[in-house]
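Protein chains in written order, with this note's numbering: chain A, 2 to 192; chain B, 2 to 192.
For the record, the hints were derived by calculation from the structure and aren't laboratory data. Glycine is no exception: its CB is placed at the ideal position from the N, C-alpha and C atoms. Worth double-checking, as some hints may not be accurate.
[What the hints assert, rightly or not] Dumping the calculated DSS-like pairs for lysine-lysine here, alpha-carbon to alpha-carbon at most 27 Å:
| # | chain 1 | residue 1 | chain 2 | residue 2 |
| --- | --- | --- | --- | --- |
| 1 | B | Lys76 | B | Lys128 |
| 2 | A | Lys128 | B | Lys128 |
| 3 | A | Lys29 | A | Lys76 |
| 4 | A | Lys128 | B | Lys29 |
| 5 | A | Lys175 | B | Lys175 |
| 6 | A | Lys29 | B | Lys29 |
[What the hints assert, rightly or not] Here are the simulated distance ranges between beta carbons:
| # | chain 1 | residue 1 | chain 2 | residue 2 | range |
| --- | --- | --- | --- | --- | --- |
| 7 | A | Glu140 | B | Glu176 | 16 to 26 Å |
| 8 | A | Ser96 | B | Glu176 | 49 to 59 Å |
| 9 | B | Gly77 | A | Pro60 | 48 to 58 Å |
| 10 | B | Pro109 | A | Asn59 | 46 to 56 Å |
| 11 | A | Thr124 | B | Glu159 | 30 to 40 Å |
| 12 | B | Glu176 | A | Asn59 | 31 to 41 Å |
Number of protein chains: 2
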Amino acid sequence: MQQNLTYLVKYPSRQTETGKTETAQDTKHFIEESGLLFEMVALPRMAGRIFGWLLISNPPYQSLGELAEVLQASKGSISTMTRLLLQVGVIERMSLPSQRRDYFRIKPNAWSHLTRQRMVQITAFRKLAEQGLALMATETPSLRDRLEEMRDIHAFCERELPAMLERWEQQRTKEGPSIAPERNHANSHDW
Amino acid sequence: MQQNLTYLVKYPSRQTETGKTETAQDTKHFIEESGLLFEMVALPRMAGRIFGWLLISNPPYQSLGELAEVLQASKGSISTMTRLLLQVGVIERMSLPSQRRDYFRIKPNAWSHLTRQRMVQITAFRKLAEQGLALMATETPSLRDRLEEMRDIHAFCERELPAMLERWEQQRTKEGPSIAPERNHANSHDW
DNA sequence: TGGTTTGTTCAATCATTACTGAACATTCTG
DNA sequence: CAGAATGTTCAGTAATGATTGAACAAACCA
């Protein structure tokens, strides 16, 4: 199951005085955990591992080659998975003007993007319910209840979730900058 | 891909005068769609098909044998998948006192249950973020930002989602019974 | 009681998906 | 320009997960 237990020896940068290789173990565990979590939400495990490493890597941006080395995976796999993560909108590519290498990093607001992705699913479920209701057009109301409930709750979520996200953004921009006033994610070429 | 195009001939009950076998086609499509949607949220396709059929079947409760026949699947598969759906909380088992046969049907409030399931995932992500922050305890704040954002938005959702669900329940019990006043889902042995 | 119907479990098979590694771009560098 | 470094694509393989079908268990009935 865990075939690559060694890939952190190469990146011992996260060792503290207290725990010698303990931290490396924890890092490995963190990455693996991230992979499992991604799997839980129907994304490939390797994508989760990449995301996991980008969450804790120093520096926060990593090249394809680095990712392949740290995660002990083929470049092909990394290439495919970063493409997926880019598409989902949770990482972004940064190419330094003078360098030919590309770097990836977690996209600020990654989670809003994921929520938007989730909205697509909710809409799909509402539409399915409506499709079902069309099929049951001539049936008695009590038979249609199941589908109406399904349609209504998803319509409800479609209305509420954006509002909720907005509340989040607002709360975030209110208190966030007080901690790190200079970091504006909007045009984030501050590296 | 679609190997069983025939399983609705046996259940032509949902044919209207207008569309002869058109409705059967639509039903098949509906079930298949439901399967794909479930797959999208990391549940097995067959579970989605069962759920789909239970959404539109007449009567709304179906036995294991019926499910196997309609969906052209083995009893083993149905047994496993119904168990899963029971566990997730979106269907329930009804055993009529006089019959030895068990029936399944969509659980009223199925969607609240699914949302609660979803909450488990959200909590898992928040915990992962906290795990990451523990790893980065000694790092500079700007390096910790990624994880703090992740932790905060998930904590936010953990607070907000239950409130949202409650609002839904309230709105539902307000207008729902006006349409079908007698149908109280709480103790639902009204079949 | 023996026979029938119903439901579960599990080993084996089938299908799908993830992953690798090598061949092929592409871009920079000397 | 040749050579080196970086990235992508894709056919083949490995790993995983879904599905079957047969054997078993339990409940009911005559």
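Evaluated hints:
1. With a C-alpha separation of about 39 Å, the suggested pair Lys76/B and Lys128/B falls outside the 27 Å cut-off, and the hint is violated.
2. Our distance criterion of 27 Å between C-alpha atoms is broken by Lys128/A and Lys128/B, whose separation comes to about 33 Å.
3. Our distance criterion of 27 Å between C-alpha atoms is met by Lys29/A and Lys76/A, whose separation comes to about 19 Å.
4. With a C-alpha separation of about 16 Å, the suggested pairing of Lys128/A with Lys29/B holds against the 27 Å cut-off.
5. Restraint check for Lys175/A and Lys175/B: not satisfied, since their Cα atoms lie roughly 36 Å apart, outside the 27 Å limit.
6. Note on Lys29/A and Lys29/B: the hinted pairing is violated, with a Cα-Cα distance of about 46 Å set against a maximum of 27 Å.
7. Between Glu140/A and Glu176/B, the C-beta spacing of about 21 Å keeps the proposed range 16 to 26 Å intact.
8. In this structure the hint that Ser96/A and Glu176/B lie 49 to 59 Å apart at CB holds, the actual value being about 54 Å.
9. At about 52 Å, the CB distance of Gly77/B to Pro60/A agrees with the hint of 48 to 58 Å.
10. Between Pro109/B and Asn59/A the C-beta distance comes to about 51 Å, which sits within the given range of 46 to 56 Å.
11. Hint check: Thr124/A to Glu159/B, Cβ distance near 23 Å, so the stated range 30 to 40 Å is violated.
12. Taken as a hint, the range 31 to 41 Å is violated for the pair Glu176/B and Asn59/A, whose Cβ atoms sit roughly 54 Å apart.
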